[in-house]
Amino acid sequence: MKSITDTLEQRISQAIGKVTGQKGCPALVSVSKNPKFRDYQANGVMAAAKKIKTNPRQLAEQIVAELDIDDICQPPEIAGPGFINLRLKDEFVAGRLLEINSDKDRLGIEKVKMPKTVVVDYSGPNIAKQMHVGHLRSTIIGDCISRMVEFEGHTVVRQNHIGDWGTQFGMLCTLLEEKVHKASKDEGLLNISQTLEDLEKFYQEAKLKDDTDEEFAKEARAAIAGLHHGEEYWLNSWKDIVRESRNHYQPIYGRLAVKLTPEDERGESFYADKLADVVEQLEAKKLA
Numbered sequence: 224m225k226s227i228t229d230t231l232e233q234r235i236s237q238a239i240g241k242v243t244g245q246k247g248c249p250a251l252v253s254v255s256k257n258p259k260f261r262d263y264q265a266n267g268v269m270a271a272a273k274k275i276k277t278n279p280r281q282l283a284e285q286i287v288a289e290l291d292i293d294d295i296c297q298p299p300e301i302a303g304p305g306f307i308n309l310r311l312k313d314e315f316v317a318g319r320l321l322e323i324n325s326d327k328d329r330l331g332i333e334k335v336k337m338p339k340t341v342v343v344d345y346s347g348p349n350i351a352k353q354m355h356v357g358h359l360r361s362t363i364i365g366d367c368i369s370r371m372v373e374f375e376g377h378t379v380v381r382q383n384h385i386g387d388w389g390t391q392f393g394m395l396c397t398l399l400e401e402k403v404h405k406a407s408k409d410e411g412l413l414n415i416s417q418t419l420e421d422l423e424k425f426y427q428e429a430k431l432k433d434d435t436d437e438e439f440a441k442e443a444r445a446a447i448a449g450l451h452h453g454e455e456y457w458l459n460s461w462k463d464i465v466r467e468s469r470n471h472y473q474p475i476y477g478r479l480a481v482k483l484t485p486e487d488e489r490g491e492s493f494y495a496d497k498l499a500d501v502v503e504q505l506e507a508k509k510l511a
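Residue numbers (the working numbering): 224 to 511.
Since the hints were derived computationally from the structure, they do not count as laboratory data.
Quick caveat: nothing in here was measured; it's all calculated off a predicted structure.
We treat Cβ as the ideally placed atom computed from N, Cα and C, and that holds for glycine.
There could be a bad hint or two in this list.
[What the hints assert, rightly or not] Have a look at the derived ranges for each label pair, beta carbon to beta carbon:
(1) Leu321 / Arg466: 49 to 57 angstroms
(2) Ser325 / Pro485: 38 to 46 angstroms
(3) Met337 / Gln237: 18 to 26 angstroms
(4) Lys273 / Phe315: 30 to 38 angstroms
(5) Thr484 / Lys441: 53 to 61 angstroms
[As the list claims (entries may be wrong)] Distance condition first, Cα-Cα at most 25 angstroms in a straight line; then the derived PhoX-like pairs of lysine-lysine:
(6) Lys441 / Lys430
(7) Lys327 / Lys508
(8) Lys276 / Lys241
(9) Lys497 / Lys508
(10) Lys339 / Lys246
(11) Lys432 / Lys352
(12) Lys241 / Lys274
(13) Lys276 / Lys312
(14) Lys274 / Lys259
(15) Lys352 / Lys462
(16) Lys352 / Lys225
(17) Lys246 / Lys273
(18) Lys441 / Lys424
(19) Lys334 / Lys482
(20) Lys276 / Lys259
(21) Lys430 / Lys402
(22) Lys482 / Lys352
Generate the whole structure from the sequences, applying the supplied hints.
Right, here's the structure in full:
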């Protein structure tokens with residue numbers, strides 16, 4: 224179903240073109256911001272009058288005489304130097320509402336003619352920490368935007384940029400290793416059960432130890448170096464932490480009926496093997 228604005232734009236533009244003999248004369252139809260200017264307003268007459276060097280109000284009168292909008296609007300009103308004000312007929316509005324009501328799937332809303340690709344960033348929870356109300360807010364806003372844009376016909380790329388990389392994971396993995404020191408390094412931490420609440424407490428404890436225990440801080444730096452170099456033991460430990468965190472926030476997304484899946488995640492770790500090239504480029508451009 225073509226919008227009312229588009230329909231009026233097309234018909235008034237045709238009338239402007241017929242009267243002026245010019246091509247490509249937009250009517251510039253928009254919804255009136257003030258009720259005293261009726262429902263819609265066409266502001267393109269002034270530009271057309273300037274183009275052919277004539278009086279805009281006289282031109283507006285000629286255009287109104289050529290208009291074919293009796294099925295949509297009451298008789299047009301010319302205001303000021305040449306604005307055309309339009310009020311919709313009651314029977315047209317009633318008919319349009321019935322038409323919209325009969326279209327249960329789209330409510331008469333057409334898809335855009337030139338769809339785009341739109342990237343929407345969601346809540347971005349931090350690994351090893353529980354989500355707070357700020358995460359919920361951005362999740363719901365992001366999903367609403369995604370659904371509306373998708374409904375319009377655009378391609379939506381949902382992205383959840385999770386905080387899953389950094390020095391804190393060296394600290395956390397080191398503390399977990401201490402707490403399960405009886406476990407073999409070959410097993411890693413994959414078989415150790417911990418809740419997200421535990422991990423959050425462990426992180427706070429690890430941060431305190433890193434600030435006060437020089438030996439622990441040294442081991443934590445070694446752990447993060449191991450992560451950066453892709454050492455399997457530390458990667459398995461890190462994956463276990465990420466998985467436990469996902470087990471916390473993914474059910475929340477499900478409960479909110481949010482269209483966000485693990486496949487939509489692009490965590491900080493995604494860029495880990497790309498940072499060296501970025502630094503090299505920045506240095507080459509003397510930006511770093």
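Comparing the hints with the structure gives:
1. Leu321 / Arg466: 49 to 57 angstroms: 53 angstroms, holds
2. Ser325 / Pro485: 38 to 46 angstroms: 40 angstroms, holds
3. Met337 / Gln237: 18 to 26 angstroms: Since the Cβ atoms of methionine 337 and glutamine 237 sit about 22 angstroms apart, the hinted range of 18 to 26 angstroms holds.
4. Lys273 / Phe315: 30 to 38 angstroms: 32 angstroms, holds
5. Thr484 / Lys441: 53 to 61 angstroms: Since threonine 484 and lysine 441 have Cβ atoms about 39 angstroms apart, the given range 53 to 61 angstroms is violated.
6. Lys441 / Lys430: 13 angstroms, holds
7. Lys327 / Lys508: Violated: lysine 327 and lysine 508 sit about 56 angstroms apart, past 25 angstroms.
8. Lys276 / Lys241: 16 angstroms, holds
9. Lys497 / Lys508: 17 angstroms, holds
10. Lys339 / Lys246: 29 angstroms, violated
11. Lys432 / Lys352: 18 angstroms, holds
12. Lys241 / Lys274: The given pair, whose Cα atoms are some 14 angstroms apart, holds under the 25 angstroms limit.
13. Lys276 / Lys312: Status violated; Cα separation ~34 angstroms.
14. Lys274 / Lys259: Judged against 25 angstroms, a Cα distance of about 29 angstroms means the pair is violated.
15. Lys352 / Lys462: Given that 25 angstroms is the threshold and the Cα spacing comes to 15 angstroms, the pair holds.
16. Lys352 / Lys225: 48 angstroms, violated
17. Lys246 / Lys273: 14 angstroms, holds
18. Lys441 / Lys424: 21 angstroms, holds
19. Lys334 / Lys482: Status holds; Cα separation ~20 angstroms.
20. Lys276 / Lys259: Outside the cut-off at roughly 29 angstroms; violated.
21. Lys430 / Lys402: Distance of about 15 angstroms is within 25 angstroms: holds.
22. Lys482 / Lys352: This hinted pair holds, its Cα atoms lying about 22 angstroms apart.
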